[in-house]
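> Sequence:
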Amino acid sequence: MTQAEPRPPSWSSRPYTEEDDDEVLALFTEPDFHYRTDQPDTRPAWEIRRLIGDDTRVLLADGRVTGLYALSAEGADHGCHYLLALRLKGSAPDAWWLDAYREILRAARWRHEIVRLSTRFGEYDARGLEIAARLGLVREGTLTGVTARDGQRHGLVFFSQIWTPAS
Numbered sequence: 355m356t357q358a359e360p361r362p363p364s365w366s367s368r369p370y371t372e373e374d375d376d377e378v379l380a381l382f383t384e385p386d387f388h389y390r391t392d393q394p395d396t397r398p399a400w401e402i403r404r405l406i407g408d409d410t411r412v413l414l415a416d417g418r419v420t421g422l423y424a425l426s427a428e429g430a431d432h433g434c435h436y437l438l439a440l441r442l443k444g445s446a447p448d449a450w451w452l453d454a455y456r457e458i459l460r461a462a463r464w465r466h467e468i469v470r471l472s473t474r475f476g477e478y479d480a481r482g483l484e485i486a487a488r489l490g491l492v493r494e495g496t497l498t499g500v501t502a503r504d505g506q507r508h509g510l511v512f513f514s515q516i517w518t519p520a521s
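355 is the number of the first residue of the sequence shown in our numbering; add one for each residue after it.
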């Protein structure tokens, strides 16, 4: 008998505020919480707050802080191209990642025409790479040697999903 995947939570999000500070900073104590950084558990609080920026949204699963995401336009010449930064805490099951991605995408496509959505994971980020594969994202290539981690150089792997333009 196989164990059933946990049911997807009810997703919501809100802009990051000072009230979220303790819970959000706690996410960065996890060594694999690679939200806009390759070494989250080495960053001081002031640097984490700067990484978060104005575009980050706090991702809530059943009302509890579970991760962060940001959706931003990618390139002024490409009005329908977006970049998604997404990270869930380590205890979140893979099924939640897949569900969160789909919910974020569904909400974004209500507000914007999206022709290309890209996301990036470090070569060292086994979970991120696995999630991208499970989502069926197209692996576009790797920008090699852009970060140092554990005494080695690592690349940044680019993934995308593409839709036919509406007009």
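Derived from the structure by calculation, the hints contain no laboratory data. Be careful, since some hints might not be right.
Below, in silico cross-link-like pairs of lysine to aspartate or glutamate (EDC-like), each with a Cα-Cα straight-line distance of 20 Å or less [unchecked claim]:
#, residue 1, residue 2
1, K443, D453
2, K443, E377
3, K443, E467
4, K443, E384
5, K443, D392
6, K443, E373
7, K443, D395
8, K443, D409
9, K443, D386
10, K443, E401
11, K443, E484
12, K443, D479
13, K443, E457
14, K443, E494
15, K443, D375
16, K443, D374
The following label-pair restraints were derived from C-beta to C-beta distances [to be verified]:
#, residue 1, residue 2, range
17, S445, E373, 17 to 25 Å
18, L379, L452, 36 to 44 Å
19, W517, W400, 33 to 41 Å
20, W464, W400, 16 to 24 Å
In this text, a Cβ means the ideal position worked out from N, Cα and C, and glycines have one as well.
> Now tell me if each hint is right for this structure.
Status of the hints after comparison with the structure:
1. K443 <-> D453: Holds, because 14 Å separates the two Cα atoms, which is no more than 20 Å.
2. K443 <-> E377: 11 Å, holds
3. K443 <-> E467: 29 Å, violated
4. K443 <-> E384: Answer holds: K443 to E384 is near 8 Å, not above 20 Å.
5. K443 <-> D392: 15 Å, holds
6. K443 <-> E373: Status holds; Cα separation ~18 Å.
7. K443 <-> D395: Distance ~13 Å between K443 and D395 Cα, so the pair holds.
8. K443 <-> D409: Answer holds: K443 to D409 is near 19 Å, not above 20 Å.
9. K443 <-> D386: Answer holds: K443 to D386 is near 8 Å, not above 20 Å.
10. K443 <-> E401: 19 Å, holds
11. K443 <-> E484: The hint holds at about 15 Å.
12. K443 <-> D479: Answer holds: K443 to D479 is near 14 Å, not above 20 Å.
13. K443 <-> E457: 17 Å, holds
14. K443 <-> E494: 26 Å, violated
15. K443 <-> D375: 15 Å, holds
16. K443 <-> D374: 15 Å, holds
17. S445 <-> E373: 17 to 25 Å: Holds, since S445 and E373 (Cβ atoms, about 22 Å apart) stay within the stated range.
18. L379 <-> L452: 36 to 44 Å: Since L379 and L452 have Cβ atoms about 26 Å apart, the given range 36 to 44 Å is violated.
19. W517 <-> W400: 33 to 41 Å: 39 Å, holds
20. W464 <-> W400: 16 to 24 Å: 35 Å Cβ-Cβ, so the 16 to 24 Å window is violated.
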